[in-house]
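What follows is the residue order along each chain.
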Amino acid sequence: AQSVTQLDSHVSVSEGTPVLLRCNYSSSYSPSLFWYVQHPNKGLQLLLKYTSAATLVKGINGFEAEFKKSETSFHLTKPSAHMSDAAEYFCVVSANTGGFKTIFGAGTRLFVKA
Amino acid sequence: EPEVTQTPSHQVTQMGQEVILRCVPISNHLYFYWYRQILGQKVEFLVSFYNNEISEKSEIFDDQFSVERPDGSNFTLKIRSTKLEDSAMYFCASIWTNPYNEQFFGPGTRLTVL
Numbered sequence: 001a002q003s004v005t006q007l008d009s010h011v012s013v014s015e016g017t018p019v020l021l022r023c024n025y026s027s028s029y030s031p032s033l034f035w036y037v038q039h040p041n042k043g044l045q046l047l048l049k050y051t052s053a054a055t056l057v058k059g060i061n062g063f064e065a066e067f068k069k070s071e072t073s074f075h076l077t078k079p080s081a082h083m084s085d086a087a088e089y090f091c092v093v094s095a096n097t098g099g100f101k102t103i104f105g106a107g108t109r110l111f112v113k114a
Numbered sequence: 115e116p117e118v119t120q121t122p123s124h125q126v127t128q129m130g131q132e133v134i135l136r137c138v139p140i141s142n143h144l145y146f147y148w149y150r151q152i153l154g155q156k157v158e159f160l161v162s163f164y165n166n167e168i169s170e171k172s173e174i175f176d177d178q179f180s181v182e183r184p185d186g187s188n189f190t191l192k193i194r195s196t197k198l199e200d201s202a203m204y205f206c207a208s209i210w211t212n213p214y215n216e217q218f219f220g221p222g223t224r225l226t227v228l
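Taken in order, these protein sequences are the chains called P and D. Sequence positions in the first sequence follow the working numbering and run 1 to 114. Sequence positions in the second sequence follow the working numbering and run 115 to 228.
Chain P extracted, bound-state conformation (with noise of 0.2 Å):
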C-alpha cells in the first residue's frame, strides 16, 4: 500500500525567509517520489523527483528537497520565499504495485506576504 501525507494544508511566510513544506510517505515498494506546483487556474509543473539517485535532490526555482528513508520523509524547502512561488504544492509518490500508480498527497498551499 502507499500513501502521502502533507503534514500543513497552508504554509503563509514573508518574501526573503526560508520555505519548508513537509511530506511524509508510505510504500511498501520502492518509491519514486516527485514534488508538483500548481498555479492558480493551470496545470501541474515538475519541480523535482527522487528515484533512488541522491538523497539531496535539486529542482528549478531554487527548491530542493531530501529524501529520508529513516524518517519516511521529503520534504521541499527554499532558501528564499519569492512572490511567484505563491501556489499549491502536491507531494506524489509512485511505484510499481504490479501497476504503476501513483498517489498524490492533499496538497499544501503556499501563501507569500509582501
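Simulated from the structure, these hints should not be mistaken for laboratory data. We treat Cβ as the ideally placed atom computed from N, Cα and C, and that holds for glycine. Take these hints with a grain of salt, some might be off.
What the hints assert, rightly or not - Here are some chain D residues pointing at chain P (derived, C-beta under 10 Å):
| # | residue |
| --- | --- |
| 1 | Val118 |
| 2 | Glu158 |
| 3 | Ser169 |
| 4 | Lys171 |
| 5 | Ala207 |
| 6 | Asn212 |
| 7 | Asn215 |
| 8 | Gly220 |
| 9 | Gly222 |
Fit chain D to the known structure of chain P by using the hints.
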C-alpha cells in the same frame, strides 16, 4: 518543447450524457495516465495505461469509465453516463520510457455536469 495537450478545455454536459475527454500525449511516451481533481480537493489517480491495456486503476474508475488509445496518438477517457459528482478537472499525463520518471501533465479539461 513537446507538451501534452487536452481538448476541450471546458466541457459542459447534462447528467446521464456520455462524454469523451481527449488527450494527445508527447509523441514518444509510452505510459499514460488520467487523474481528476474535484474543485478544492486533492488530485486523484484514475487509471494508468501501457502497451494498449490498463495497468492499474483506482476504485473511482468503475464501469462507467473507459480509456482508449484509438490511433496511436490520442488517449481518451470516456464517461458513459455522467453524474453530478463527475464534475471535476481531468488531467492527462504521460511518461517516456520508465514509469519511475516524472509525468508530464496536460493543462486539464474542466468537466461540468448539470
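These are the hints, each one checked on the structure:
no., hint, result
1, Val118, "holds, 8 Å"
2, Glu158, "holds, 7 Å"
3, Ser169, "holds, 4 Å"
4, Lys171, "holds, 8 Å"
5, Ala207, "holds, 8 Å"
6, Asn212, "holds, 8 Å"
7, Asn215, "holds, 7 Å"
8, Gly220, "holds, 6 Å"
9, Gly222, "holds, 6 Å"
In summary, this structure violates none of the numbered hints.
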